[in-house]
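**Q** The sequence shown begins at 1 in UniProt numbering and counts up by one.
The reader is advised that the hints may include incorrect statements.
Pairs of lysine-lysine residues, derived as DSSO-like cross-links and limited to a Cα-Cα distance of at most 27 Å, are as follows [claimed, not checked]: (1) 158 x 209; (2) 349 x 223; (3) 365 x 342; (4) 125 x 254; (5) 223 x 144; (6) 150 x 125.
Read the hints as simulated data drawn from the structure, not as lab findings.
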Amino acid sequence: IRSKMTEQELHPRTARRKRTLLLSATAFAGAAGAAALYSISRDADGDGSIFSPGGLRVSPPQHRTTSVALPHGGCRVTPATGPGHFVDPTFTASYPGSGAKMVWNLVEGLTGYVTGDEWTTNGHKLGGMVTVKTHYPHSEGNKKFIDDVKPGDPKDGKIDRLILILRNPQKAIPSYLNFLYEVENNLDGHSTRAPLEEWFAFRDHEFDKQIRQWREHAEYWLKRYPTPADRLILSFEGLTDDRGGPVFVGELAKFLDKGTGVPVIYSESVPCVWETVVKNRGQQAARLAATEARHLVGGNPKGLGLSDSDPSNPQSLRKGQAVYPYTEVQLDVMIRNILELKQKHNDFKLGQILDSYVNALNGVKASVRAASSGNAGGGGGGGGNGN
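Could you put the whole structure together from the sequences, leaning on the hints where they help?
**A** Written as structure tokens, this is what we have:
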């Protein structure tokens, strides 16, 4: 696909429409179940931020409707705004197809402030965006912007903190193909999955390059921000997990709260932010992990009785082929790259995430071998969904 397209046509911004979120936090209290407001107090250092009882800053009243209480720590969706004062920006870095847009919306939901990316700052200066999304050093990234913004004091045009978003390459690579397919065919973003024949052509031509870029992306950002206190590592799988998702979004909120001038929603309402942004966006993001048990053998989805839309995720915004096969050799290449990345970087949380990817890929290999032994001559491949 890439060979048919100009760099301008491949520009990530051409196929994306920004959806901004601001969530106003509220609490539910009282024996009779009556709604009640949290008590709030001004920040002693005079920067205009407000603190919740849990110690997390929330935005001033002009940015958030704190006067309306909803039951059970609920939240209300309204547009994100510019902060109107300096904020400490943070990079959100990910390989394409790893949930960057979802994290973008989570950040805006948690803080109420707009975000930007390496291609457009949405009319705001660097200190006017809470996060800056980037895919660099992947070929979709903007090298000039990244080279100009080195770690250091944000007030000097630097960004000194990082949120690294990882996703199993088995899933991320097909998801990136879907983006390219949508751009090439002038389709809305996150609307259509690439046909199986497009996947085979892309996989056979691009796999070695993409798995290399997946690994190089993680290595670049881990090297650029080597201090654990300056970075937060999250996984797409963790953020979309039904049980773990709210916990990991809570970690995101606490990390954002450490930034200068960055308000964060009440900690009690973090699960509501997760529910609104992840689960209720057509249910697509929270259900992606459910498709991991579906493996395609022999490259024939109809032969397995798979529907055109994701059977475990009927409300996914992307329609079309949901499972994409890899060869067993390619599965081994992914496992090797993941293990080498883990060995190179001694980070406990990173190791946990990477171990889960290896376990998942080994499970795919076992399924492929079992299916192949029961279907002699049928060929085999391990599937990866491409939401």
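**Q** For each hint, tell me whether it holds in the structure or not.
**A** Taking the hints in turn, this is what the structure says about them:
Between residue 158 and residue 209 the alpha-carbon distance is near 30 Å, which puts this suggested pair outside the 27 Å criterion. Proximity of residue 349 to residue 223 is assessed by CA-CA distance (about 16 Å); at most 27 Å being required, the pair is judged to hold. Using a Cα cut-off of 27 Å, the hinted pair residue 365 and residue 342 holds, with the two alpha carbons roughly 20 Å apart. Simply put, residue 125 and residue 254 have alpha-carbon atoms about 24 Å apart, close enough for the 27 Å limit, and the pair holds.
The straight-line distance between the Cα atoms of residue 223 and residue 144 is roughly 18 Å, inside the 27 Å bound, and the hint therefore holds. Annotation: proposed proximity of residue 150 to residue 125 holds, straight-line Cα distance about 16 Å (limit 27 Å).
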